[in-house]
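Engineer: Protein chains in written order, with the numbering used here: chain P, 1 to 73; chain V, 1001 to 1517.
Since the hints were made in silico from the structure, they are not lab data.
Any given hint could be a false lead.
[Claimed, not checked] Here's a subset of chain P near chain V, in silico, CB distances under 10 Å, partners left out:
| id | residue |
| --- | --- |
| 1 | R3 |
| 2 | Y5 |
| 3 | L7 |
| 4 | F12 |
| 5 | L16 |
| 6 | P26 |
| 7 | F31 |
| 8 | F33 |
| 9 | V42 |
| 10 | T45 |
| 11 | L48 |
| 12 | T49 |
[Unchecked claim] Quick look at which bits of chain P chain V covers, simulated, 3 or more residues with Cβ under 8 Å:
| id | segment |
| --- | --- |
| 13 | 17 to 24 |
| 14 | 34 to 40 |
| 15 | 50 to 57 |
For every residue, glycine included, the Cβ atom is placed at its ideal position computed from N, Cα and C.
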Amino acid sequence: MRRWYLLLALPFLGLLYPPLYATEDPELFGFPFFYWYQFAWVPLTAALTYFVYRKTRPPERPARPDTGRFRRT
Amino acid sequence: MTFEVDGVAIAVFCALFLLVTVLGFVAARWKRGDLGLLDEWGLGGRRFGTVITWFLLGGDLFTAYTFIAVPALVWAVGAGGFFALPYTVLVFPFVFLVMPRLWSVASKHRYVTAADFVKGRFSSRGLATAIAFTGLLATMPYIALQLVGIQVVLEGLGIEGEWPLILAFAVLAAYTYTSGLRAPAMIALVKDTLIYATVIVAIVYIPSKLGGWDNIFSSASQALPERDEPGALLPGTPDAHVAYATLALGSAMALFLYPHALTAVLSSRSQDVVRRNMSLLPAWTFLLGLMALLGYMAIAAGLNVTDPNHAVPALFADMFPSWFLGVAFAAIAIGALVPAAVMSIAAANLFTRNVWKEFVNSDISDRQESQIAKIVSLLVKVGALAFVILLPTQFAIDLQLLGGVWMLQTLPAVMIALYTRWFHRWALLAGWLVGMVAGTWIAASQDFAPVWEVPVLGVTAYTALVALGLNLVVATLITLVLGGRGRADDRDETRLEEYDELVETREPAPTVGAGVT
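This is chain P alone, in the form it adopts within the complex:
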């Protein structure tokens, strides 16, 4: 289940190497690539995070973890 967390590395790979995107072209709606590319990562990262959240969520009604300290009788 935890391997889904690896997806969260994608925004770091996409954004932490500026030579990848520090260019003017291709433009989109008048925005240089540098700007719209980074904007595009905002919804993309939100979607990735939500996906990972869904995938790693504990089952709906989890059995209460029995830590031994608050044992219910």
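Assemble chain V onto chain P, guided by the hints.
Structural biologist: Then chain V, alone, in the frame of chain P:
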């Protein structure tokens, strides 16, 4: 440029300000709890759900000063200032991984601050004090900067003098005192609505008046290289690339170490709320990115501003009709109140828990604890006010920059400690000290520029990350040298399963002295 007094704008501004003042006091009755307890006053009873947490965290992290300073930086230097976008993209996946663990262990042990956790984890009063000290040190100038945000807006309305600022802060101090964290949580609803309305209108309306985005970007690309310190529309040199990436990464790692961020996280109801919010909060990032572009719009509008901080107010004053100018300025000013309140509460929690209880009087009741925190929250605000009125604004800005450097030095003791207790507590303290001194010295020696040309490596990187590197090297070496001496491993009051970010813990556990068995 000078701003003219605009009666309509001032009237709208004051009406909205009055509304949030009423809300601030009413908030005391919301989700009713015993405000005589620190958990209730300082953390809202740890009861906030997804929606409130989203508003509170968004309103708390994306401060008024951010909304003034980021476009100001973009206006002044261009692309270099846009690192705020990757920074606030990366912060949320990072926090998604780390913070649920802290929420979980803090909820089990009733920790209110990061220093509480460090004390429990390492059984080290020295280390906990260092963490608390760092938080207080970094928070004070940050509160002062929120005042600067209000001041800039007041100037934009043509209001001179210091009394309106003092009045605004006195009101803020009063409802923070009575309502605690509930006040900023409730006001955040208004703030966030106003900010979104302002930015959406600005982003649709202003470009249409300036000949479209094409024209805005091309005016910026012509004007930026002409500045005294030339800016650019794109980061061109390898140095600029490294600076950009390290600023984004380092800032993202530091943000949730700040006490005000942690306070908002701990006030949420469950770690599920924290995790879910990390996929919802990027809506704020989008907003900040759009806001940053207002800097270019101010360039394209050909506004003659001398102080970059006036770029946004001048743009709004130039473009908006009076009544909407009042709304926009109120959005920014109210935007300062939410973080200022949360920051002062966070500072008060730190002082009460980790300074007063630790060094002055450990034998206080829960009620006295809460009372001290309330009074400290007042003192903190008076301090911030004095800061802004008596000292030059640049001093607060420089210190806030140092704040990021300082906060990042607590990462090993707070965030790495969520995963491993491998580091020796004394080694963490030594690493922290080295990071603090080196980071401060580097920043001060080059006139508070945020990046530093690292000798040997030959790259220009964010000072905070360089200092963190030194910090980690020192902590690792000393841990290896000390070996098992003085480790106090048996005095870790937390247990492995208490960190698990995947375990649902809806009901806060009762307070139990958690001895290791």
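Engineer: Within the segment 34 to 40 of chain P, is the number of residues with a Cβ closer than 8 Å to a Cβ of chain V three or more?
Structural biologist: Coverage by chain V holds here, the residue count being 4 at a Cβ distance below 8 Å.
Engineer: Counting residues of the segment 17 to 24 of chain P that have a beta-carbon nearer than 8 Å to any beta-carbon of chain V, does the count reach 3?
Structural biologist: With 6 residues close enough to chain V, the hint holds.
Engineer: Would the stated hint for T49/P survive a check requiring a Cβ distance to chain V of less than 10 Å?
Structural biologist: Constraint on T49/P satisfied, holds at 4 Å.
Engineer: Is the hint on F31/P kept, meaning its closest Cβ partner in chain V is under 10 Å away?
Structural biologist: holds, 6 Å
Engineer: Against chain V, with CB atoms and a cut of 10 Å, does the hint on F12/P hold up?
Structural biologist: holds, 6 Å
Engineer: Mind checking the CB of R3/P against every CB in chain V and telling me if the closest is under 10 Å?
Structural biologist: Violated - the Cβ of R3/P stays beyond 10 Å from chain V, reaching only about 13 Å at its closest.
Engineer: Take the shortest C-beta to C-beta distance between L7/P and chain V; is it under 10 Å?
Structural biologist: This hint holds: L7/P lies near chain V, its Cβ roughly 9 Å from the closest one there, short of 10 Å.
Engineer: Does Y5/P hold up as a contact with chain V if the rule is Cβ-Cβ below 10 Å?
Structural biologist: holds, 6 Å
Engineer: Tell me if the interface restraint on L16/P is satisfied: Cβ within less than 10 Å of some Cβ in chain V.
Structural biologist: holds, 5 Å
Engineer: Given a cut of 10 Å on the nearest C-beta pair, is the interface hint for T45/P held or broken against chain V?
Structural biologist: holds, 5 Å
Engineer: Taking the closest Cβ pair, is L48/P under 10 Å from chain V?
Structural biologist: With a minimum Cβ separation of about 7 Å from chain V (threshold 10 Å), the hint on L48/P holds.
Engineer: Interface hint check: V42/P, Cβ to nearest Cβ on chain V, cutoff 10 Å. Holds or violated?
Structural biologist: holds, 5 Å
Checked against the numbered hints given earlier, this structure breaks hints 1 and 6; the rest are met.
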